[in-house]
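Asker: Next come the chains, spelled out residue by residue.
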Amino acid sequence: KNEVEQSPQNLTAQEGEFITINCSYSVGISALHWLQQHPGGGIVSLFMLSSGKKKHGRLIATINIQEKHSSLHITASHPRDSAVYICAVSGNQFYFGTGTSLTVIP
Amino acid sequence: GAGVSQSPRYKVAKRGQDVALRCDPISGHVSLFWYQQALGQGPEFLTYFQNEAQLDKSGLPSDRFFAERPEGSVSTLKIQRTQQEDSAVYLCASRPNNRDSRQFFGPGTRLTVL
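Protein chains in written order, with our numbering: chain A, 457 to 562; chain B, 18 to 131.
What the hints contain is simulated information worked out from the structure, not anything from laboratory work.
Relax, there's no trap hidden among the hints.
Beta-carbon label-pair distances, calculated as ranges:
| id | chain 1 | residue 1 | chain 2 | residue 2 | range |
| --- | --- | --- | --- | --- | --- |
| 1 | B | Asp35 | A | Gly508 | 47 to 55 Å |
| 2 | A | Lys511 | B | Pro87 | 40 to 48 Å |
| 3 | A | Thr531 | B | Lys31 | 44 to 52 Å |
| 4 | A | Thr476 | B | Ser22 | 29 to 37 Å |
| 5 | A | Lys509 | B | Gly57 | 26 to 34 Å |
| 6 | A | Arg536 | B | Pro25 | 26 to 34 Å |
| 7 | B | Asn114 | A | Glu523 | 23 to 31 Å |
| 8 | A | Thr468 | B | Ser22 | 32 to 40 Å |
For glycine and all other residues, C-beta sits at the position ideal for the given N, C-alpha and C.
Could you build all of it, start to finish, from the sequences and the hints given here?
Answerer: In structure tokens, the structure reads:
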């Protein structure tokens, strides 16, 4: 049973493309997190949100509490955006999705 | 400021060997979490401390796994009699307090059991 589901699992895009990664969850949460993990690297927190929308540079995260769904958008993608993007939710515990592996080709 | 640090970054163990993984959380952070991340998977919760108290250890896969945080700061995850299925990245994260959901992750320790 997966409390957090992400799609797609793998994504390849051309540099400059607009990218969307989706996350659905089934548990009650206090917040939803988008995390970035580079190969061999640690996890970096990109966003924490509990409602609405947040923007940081070329990254935008939205959440719909009623539908238990969140999206992470990357505008004007760049090869340095290549990483695994993980959706996680915090409630009683911290539940992680399995991640979306993004490769941006120059 | 200093983030969460973990040591060692890489550990190779022979099957049956005991290992100890260390986590130094951000100073002053109340909560500390341990996660296990198998290759190609998202992290899985292992255990959680609030100060020195281990409030949840439901994710520990077997009694070979033991974690402690005796003074409410540094934590050690110990795995006894390691098995090949223990091979994974072990992530530590700290959280400022219960009102703040943000977790700050360490770089992880990659454990390989031969």
